[in-house]
Each structure stands twice: as structure tokens, then as C-alpha cells.
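Chemist: Take these sequences, add in the hints, and give me the full structure.
The listed protein sequences correspond, in order, to chains H and X.
For the first sequence, UniProt numbering begins at 1 and goes up steadily by one.
For the second sequence, UniProt numbering begins at 1 and goes up steadily by one.
If you are wondering where the hints come from, they were derived from the structure by calculation, not from laboratory data.
Reference listing, derived: stretches of chain X covered by chain H, where coverage requires no fewer than 3 residues with Cβ under 8 Å from a Cβ of chain H:
1. 50-58
2. 77-85
3. 95-101
4. 111-117
Owing to the predicted nature of the structure, the values given are computational and were not obtained by experimental measurement.
Glycine included, every Cβ here is placed at the ideal spot set by N, Cα and C.
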Amino acid sequence: MNIQFRLALRYLSGRKMRTALTTLAIVFGVLVIFGMNIVLPTMITAIKTNIYAASGQASLTISHITGNLFDQSLVENVLPINGVLAATGKMVRTINLPKNYFDQDSEKPDRVSVLNLQGLDLDNVQSVHSFPLQDGRFLLPEDRDAVVITQSLADKISVKIGDSMRIPTVVGEKQLTVVGLLFPRTLPGDEDIFVNLPYAQEIMNCSGKINLIEANIDNFEDQGKRDEVVNAIQERLGLDFQIGTLNSNEELLGVMDMGQMILNIFGVLALFMGAFIIFNTFRTIVLERRYDIGLLRAVGASRSMITGMILIEGLIQGIIGSLAGIVSGYFLGYGILRLAQEPMSAFVNIKLGTPVVPPALVGICLLLGVSISVLSGLIPAIKAARITPLDALRPSVADVNYRKQTGIFFLIGSIFIGVGILLLFSDQMSWIAAGAFAFLLGLVCITPAVVRPFALLFGKIIARIYHRQGIGELAQGNMARHPGRTAITVSATLLGLAVAVAAGTLVSSVSISVANLIKISMGSDYLLVPPSVSLWGTNIGASADLEQKLRAVEQVDVVSSLRFAESKVNENSVSVLGINPHDYPWAGGLTFVDGSESDYDQLNDGRSMFINSIFAMTVGAKKGDVIELATTDGRKPYRVAAVVNDLLNAKVTTVFISQKNMEKDFQVTEDIFIQVNLKENADINAADAAIKTAASGYDQFTVISGKEYSQSLMNQLQTAFSGFYFLLILLAVPSLLAMLNTLSIAVIERTREIGMLRAVGATRKQIRLMMTVEGLLLAAFGTILGILGGLYLGFLFVKGIGTFMPSEYIFPLSGVLAALIIGLSFGILAAVIPSRQAARLDVIRALRYE
Amino acid sequence: MSVIQTENLTKIYGKNETAVTALDRVNIQIEEGEFVAVMGPSGCGKSTLMHLLGGLDKPTSGIVRINQISIAEMGDDELTKLRRRKIGFVFQFFNLIPVLDAAENAALPMTLDGMKPDLARKKACEWLERFGMANRMKNRPDQLSGGQQQRVAIARALVADPTIILADEPTGNLDTHSGDEIAGLLRNVSNDYNRTVIMVTHDPRIAAYANRIIFLKDGSVIDETILEKKNDNNAGLVADKMKKISD
Ligand SMILES: Nc1ncnc2c1ncn2[C@@H]1O[C@H](COP(=O)(O)OP(=O)(O)OP(=O)(O)O)[C@@H](O)[C@H]1O
Ligand SMILES: [Mg+2]
Chain H
1 MNIQFRLALR YLSGRKMRTA LTTLAIVFGV LVIFGMNIVL PTMITAIKTN IYAASGQASL
61 TISHITGNLF DQSLVENVLP INGVLAATGK MVRTINLPKN YFDQDSEKPD RVSVLNLQGL
121 DLDNVQSVHS FPLQDGRFLL PEDRDAVVIT QSLADKISVK IGDSMRIPTV VGEKQLTVVG
181 LLFPRTLPGD EDIFVNLPYA QEIMNCSGKI NLIEANIDNF EDQGKRDEVV NAIQERLGLD
241 FQIGTLNSNE ELLGVMDMGQ MILNIFGVLA LFMGAFIIFN TFRTIVLERR YDIGLLRAVG
301 ASRSMITGMI LIEGLIQGII GSLAGIVSGY FLGYGILRLA QEPMSAFVNI KLGTPVVPPA
361 LVGICLLLGV SISVLSGLIP AIKAARITPL DALRPSVADV NYRKQTGIFF LIGSIFIGVG
421 ILLLFSDQMS WIAAGAFAFL LGLVCITPAV VRPFALLFGK IIARIYHRQG IGELAQGNMA
481 RHPGRTAITV SATLLGLAVA VAAGTLVSSV SISVANLIKI SMGSDYLLVP PSVSLWGTNI
541 GASADLEQKL RAVEQVDVVS SLRFAESKVN ENSVSVLGIN PHDYPWAGGL TFVDGSESDY
601 DQLNDGRSMF INSIFAMTVG AKKGDVIELA TTDGRKPYRV AAVVNDLLNA KVTTVFISQK
661 NMEKDFQVTE DIFIQVNLKE NADINAADAA IKTAASGYDQ FTVISGKEYS QSLMNQLQTA
721 FSGFYFLLIL LAVPSLLAML NTLSIAVIER TREIGMLRAV GATRKQIRLM MTVEGLLLAA
781 FGTILGILGG LYLGFLFVKG IGTFMPSEYI FPLSGVLAAL IIGLSFGILA AVIPSRQAAR
841 LDVIRALRYE
Chain X
1 MSVIQTENLT KIYGKNETAV TALDRVNIQI EEGEFVAVMG PSGCGKSTLM HLLGGLDKPT
61 SGIVRINQIS IAEMGDDELT KLRRRKIGFV FQFFNLIPVL DAAENAALPM TLDGMKPDLA
121 RKKACEWLER FGMANRMKNR PDQLSGGQQQ RVAIARALVA DPTIILADEP TGNLDTHSGD
181 EIAGLLRNVS NDYNRTVIMV THDPRIAAYA NRIIFLKDGS VIDETILEKK NDNNAGLVAD
241 KMKKISD
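Modeler: Structure representation (C-alpha cells):
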């Protein structure tokens, strides 16, 4: 066996505790990356499929402009088009049920009055949708009168699997057998029932015909690519067909995409942190072993041999650590998915399944772990090679160059921090992320300089405390004599906590501001919700009649409606929403980015509009500008009265105008979304009944209480965030353990010193106390810096997120307190365990340690 | 023929006001098979001399020749090889690698030179047996006494058959008895194996084991004494000389 290899192995096995801790650092780094990469895609895939499935929306829908039936074979024309991933034909019919159809009881209100019959082509429908079943089985090609319904419908009409349910059809009433139950509907809208396409065609007397094609397309997120595909389809099918796209503005999806990005940033941070810890360990190894290395050099080891020896140690640890990290990352990922399953299924019926591990990921993690270990070892290894044989013969001169290096690092660090702060003013997410990095790096760089006076000061304080006990002088030295070591320990704490605090800030800020937005936007007592919220164009509205009826209800105070038209500004599609400037603030409401509540009046004043942030960004408009909107009557100039945001349209280019202007310029008088506020102290039950009666002729609307609706939206968000919290834990725990790790190494490193103190008469208790106090001070310093850094980082992240979704910085008070407690208790923990061990060491062994 | 030769060897540490002249134009010549002791008061430059002779440090001026070749022109790798093959070191402290056992420590210069570990170990064991360490081969340094550790260091210094052994206070850390043993060992090395041994010591009794003593003071050679073999008065003689120098 090669002598370097043998030495490396011996050092690794001879310093078991140290080796275990370093390897652990690598394990944590790899674990985070591996775990995150198996959890995230699994979660995101599950959520994406389920959003489409739950809302019954594929990425594209194709129908005849008249809504009439067309030939089933048209699906074959769509499939070969470039960019179309999958397509399926459907026969969808709304079945209006006679009164008391299911309950046969005229006393009770009907819980179901409309059903959406969907005939599915089982050959390909599942490549477009997923149908997560709660119970039973899905349809099979050979089924005839089998039906799959949702749990919520089953509850309403009291059926279970195996029961039959009747429906009216074109060819007379039919009995269907319920074979499977889907998860309950969470979004408002009509209940769907699913049967085989041939059977649907049979009972609707239209064999070979369909009225809807649904397709999933590639690069759905990219508007330009999406438009290309849409145009290609349009060309192929002709202008008799209309193509609807589901905008990529599904709130949850947006949140998840954003989440993926944030987590990637945190993943890189975790890696950075892992590398830092490994680097730190090797650095101390080299420092500690200077005598050995000098001796080896004296008896004939060349420089490259020394470098090689340290690198081999890194390699061995890298391989072992990465493998262990991958294995434990898998189990962690598996565990998190299992844990997340519960809240996920409770809120949005998402089944996560077991994590899928792409072989490439294993390869990448292994490569990443090993190369980072080796690279982190490189600088210390090269430094080690510079140790001369004379270093073996002289007493330690560590930290001699400290002052000089500190100055340089301080300078570099200040530059980094400056860059980080400057980039705060950017409104590009990627620049802000880069700024965050620069800032963290800067903090790490200036720590040594900041730590020195701190170390000196506290060294003196400690010396004073221990003065009477006779070991004052020695105790004082520890922190002040090794500012480098102090700095490294502090930096590790700093990084670990900064990452945790920033992540916490981000998650709480975004979730709280979205929650606030939901409350403001959905604050009314009752909502009349169309099937598709935010995809206004697909809805059929109600005439002003409905609004009149609602106003007539005794308990109603305010009725406010939304009307919709499409428009263009330059080449951008724009949603135009008509509001009643007088009522809207009372029932719904917008949050003002630039402007205030008083600006509502301006909407009545000639052609004025509010624009949302996305509009402001894509069109490049600001308050006071005059912009031409394409109307049915040519382009008309609209003046921007304010910049606003609301929840539903947050990710769509939207303008708000008065309903008067909408009627004049777009000839639209249809309400597509109505909000109702009750008078104070109104009789809720009576109001409920009256409103439902008023809305009874308008089956396209679902009447729900605002509270329920915002609750259901909140639940969806909660799901996304519950996933986040799990990932946060996944990230924070290793960071904190890494911090513990570094603190412990700092103590282990001093075994010899402790032996010396014991030899000159320090009691065990004194040693223990001294180490604990020191550990606590180190941790306190790191914690404070970490919290400061984390607050700044969190602020940056929130701002970054703010570039594409509403978010407002919220000071994470509880997060800061938690970080403080965690930081300090980890400090004690990290000092107590090793110092207890150190105190128990017998003096002779401690002195011979090296 | 001289194995080691210096010409106006000078070493100055630091610059300007803080400059310390550790060695001042030292000219010495040491022949093959000689056992030379270097003595002098603390801080007179003994260790500095050893470092320069062993190529561990560079002189400020002057020349060190080993086997007639000046080592000033040698690069780091060449010097490393020289130390590996031609020079054996014995220091006062930190002589051994803590994670290697006695035999492995002794075998280091050969394993570093690429020799098969088994072979290197066998050779190392032969030397250790000669030094009465037969039953301590597998012990780690922290399980050995100070004297035993120095024996391992001497075995290591000899194992690669170097021509020169440099020992800086090899007995400084040991009691009288162990010190005598180590000094005796070094004399045997020079007598029986014809190695050139240069040893720094403060102890006149230890110095008396040598053939020749070089006295240093303030960085200069101020005296040399050739000792008669096996004379019991040698130690007293050396002690007297040291006293005179110190005054
Ligand atoms: N690295 C250094 N930098 C500055 N001065 C040094 C250095 N090493 C040694 N000196 C000085 O050079 C002089 C000679 O030192 P050296 O170690 O050779 O003495 P010595 O004779 O070995 O002493 P001792 O018997 O105490 O070991 C001393 O005055 C010492 O202070
Ligand atoms: Mg000396």
C-alpha cells in the first residue's frame, strides 16, 4: 500500500471523532441536495397533475366555435402537431336535473341540480389528466354503464361504490354503476361524472362525435412557445375551431415554481455551507498536524506527497460521506414525503407516491460530494505542502499572519457586501439572488476582522472571571490567541442560522401576504363564483338581472360585480375587468401599489384605468401614463390612475376600468363574478336562503360564503407551504447540525490545551465551565451575526419574489427568537458534550494526544 | 575526505534593528566516520547549524558542501531526496508520527522513497532489534517511553543507510541512564557502521562519547577538542572547557 494512502487511512482511523464529524459534514451537504431533489420533483409533479385534474383543465382545450359536436377523428389531426404532447377527445354534456331528482323530497333543498357528464376516451385520456382515486377503480375500456364520481357528489346523493345512480339521458333514464370515487372537489363548480366515451355517445345519441379536445403541450410555461403551438393547431383545424389556453397563472403552480427556484438557491447555500465546513476541518487538520508534516518533510517526504496525503483523506471521506448522504437523503426524502402526505391529502387530495430516484441524480450527488470534499481540501493541502521541516522544530506560530490576512479579507468582504447591497436595488430575481450570495460571502470574509476585537475583549473578561482560580492567563489566551479559529466557528454558526432565518422570513412573508391578499380580495360575505376563476373568458356570465335580484334581497348591503373583456396593448393580451368604482372597494377591493383608495373615483372620470403590477412591468407603464387599449371600436386612450394588485389576477396582465366604460367601449354588460356584502347584524340564515333563491336560475354560478372560499384558497396555499416547511426543516436541520459539528471540532482541537490546563491544576469543573462559557460566547456572536445576515437575506428574497408575485416583507419576530434560542442552546450543547469528555480525559493522554 | 564542509557559513535572522546573527562565518570540516559533538551556551546557534547542515534551512551567506557538493543550488525536491537518502535526523521532541507504530516510523524514509512496505518494515525491524526494541515494534509512540522513542528515531535515522546522522539534543529529554544509552548507541553507529554523526548536546558527559567536540559561542566556532578514546576524564575535561567558555 502506498505510504500516503496508508498515512491518510491511519490519520482517519486514529482520529475517529474528528473523522466522523468531517464525514458528517459531507453527509449533510449531499443529503440536502439529494433529499431535496427527490422530494421536490415528486411533489411538484403530483401537485401539477392534480391541479389540472382537479380543475378539469388540460393545458389546451379545442372546441367548435358554435359549441357543436364534431368528428372524433379530429384528435388524430392534433396529435402530430409539433409541441403537442398528448391529446384526447371528450364528449361533455351538462345535464340539468329536474327538481328533487336525487332526494325525491320537495321539502329539502336540492344539493345537486346540474351534472357534467364527461365521456372519456380511455385510450389516451390518462395521458392528459390524472384521476387520483380515493376508492374503487377507474373506468376500464370494456365498461359500459360504469361511472366514476367524486366523493363529494357521492356524499351529496348518498351513494357508495357498487351502488347505482340514475341520470336522465337523450335516450331515456339510465342506471349507472358507481365503480370508483375520486377525491372530493375543492374548487367551486359543477360536479363531473365520468363514463366511457362510447357509452356517453350512446346515451347522448351522437356516436362517433365529440365536442372537446384536450391537449397537453410542451413548454407550457413559455408564452411564446405556447402561442406557436396554438397557431399551428389553429392552422390545422381552421377558424371554425377555438382554442383556449389555460394561462400558467394557476396560483398554486406559480407558488410551486417559485418555490423550486428558492429551494435551488437554498440548495446551493447548503452546498456552500458544507464545503465551508469541510474546508474548515481540513484547515484545522493541517494546523494541528504541522509537527507531523514538518517531520515527514524532514525525513524525506516531498511537497506533493504531503498534498497528496491530505487530498487522499478528502477523497476517502468524500466517497464515504457522499454515499452515506445519498442513502440517508433517500430515507429523509422518503420520510418527508410520507409526512407531507397527510397534510397534502387533507388539503388538496394529492397522492405523493414513493420518491423516484433518477440514476443521474445519484451520479451527480456522488460527483458533487466527492469533488467538493477534495476541492475543499485543496487549499489546506497546498498550504500543508508549504510547511517546512523547521516548522516541526519550532513552537507553533499559528495566526502570525493573521492581521495581514484579516485586512485583505476585510477588504474583499466589504466589497462583496457592497455588491450585495447594490444588487438589492435590482428588480431581477437572478441578480438579487446573486446579491444574496455576495452578501453571505462578504459576511464570512469580514468575520475574522470583526471577531478579533470581540475575542480580545471577551478573552479579557474570561481572564478576569477565572483570575482567582489561577488559570486566568491561560483561559484568556484561547479566544484571543486563535482568532482564526474563533472566526471559523462563528462563521459556521452565522451561515447555518442565516440560511434558516432567511428561509423562515421568506416563507412567512409570502404566506402571510398572500393570506392578507386573500382576505382583502375575497373579503365579502358571499361570492357568486363562475366555474373558472381567473380564466374569465371561458365563463358564461349573467345579465344585470341577477345583480338587481341580489340587491333586492333585504339583508344585502353591497353588491359588486366583475365584468370581463379581452383587449390588447401593443402585442400583449390584456384582461380588462369592469368594476363598479363605488361598490368594489366595499365588497372586494384591491391593494394599491402606487395610488390609494381615493383613486377609485378617477375611474368614473373619463377613460381611466387601474393597472396591475404585471401590466406595469410588461407594458412598461406607470401612474399617469396614457395607454391605448384595443376596444371593439378601435384603440382608445386610457389614463393610468393607479397601480394595483389583487389575488385572482396577480399573474395575469390586467387592467380595471369602470363598468360604464366597459359597456361603452367593449359592449359588455355580463357579470362573471359577483360579490355580496350583508348588512350589519343581518340574519345570516335568511340571507343565505334569499341569496340562493335569487341565484337559482343561474346555474353557472356557485354561491359560496366568502369565508369558505377564501378558506379553500388558503388551504391550497397551505399545501404549497406545508411542503415548503418540510423542505425548510430538511435544510435547516443539517445546517444546525453542521454548526454543532464545527463547535465540537473547535473543542476537540483543544484536547492538548485542556490537558495542559489540567496539568497546571485546573479542576474538571473549571475546565467544563470555561469551555461552556466560551462555547456560549462563540455561539452568541455567531447567532447575532447570523440573525442579522438572515434578516437581510430574507429581505432580499422577499423583494426578489416581489418581482413576480405579491409579497410584503414581514419581520420574522418568532423566527428571530427561535434562531436566538436555537443558536445559544446549540452553543451550549456543542460545548457541553465535548468539554465533559475533555474534562474526563486523563492528563497524560491529553498531553500525548498529538 | 570530508563528508561535510562549510565555508563562511552565516545565518542572520530578521532585518535591521531586530537582526540576530545566529551563525557568523563558520568554517568546519567533518570526516567520514567521525562522531562530532557540538556544544555551547543556549542561543549560540547550534540548532541553526544543524538545520543548515541538513538542508532544512537556507544560509544567509556561505556554503555547505555535502560529499563535496554544494547544497545551495539544490531545489526543494532534490534536497528532499538528499534528506531521504543521505541524512538521518534525530530531534529532541516530536520525533515520531503518532498514528504509525514503531516499525512503521522507523521505516518511513524507505517507504517515502517508494520501497515496498514489507521490505521496509523488515529492514526497520532489524535496526530496532539491534537497539533492544524487539518486543515494541507494534507499539504506537504514545505507548513508548522517551528513551524508547529516541531509539526508534535513531533506527529511522539509520534505516536508509545515510552517510550522515544529525542529532539535535537527542538526550535532552531523557534521564541520565537513558541518555547514556542513546549516546552509546550513536557512538556504536559511528564506530561499527562508519556513519558520520553530528550531535548537539549541553551535557559534558554525553559529549564525552564523541571523538571531537566543536565549541560555539555567539555564532562562531571558538574552540575544538579531540578526545582520546575511552578516557574517564573526558567528561570532566569537557565540563571545564564549557565553564571557561560560559564565563
Ligand atoms: N526563526 C528565528 N527567527 C529569529 N531568530 C531566531 C530564529 N531561530 C533562532 N533564532 C535566534 O538565533 C540564535 C540561535 O538560535 P539557535 O536555536 O540556533 O540556538 P541554540 O544554540 O540551538 O540554542 P539552545 O541551546 O537553546 O537550543 C538565537 O539567538 C535565537 O534567538
Ligand atoms: Mg537548539
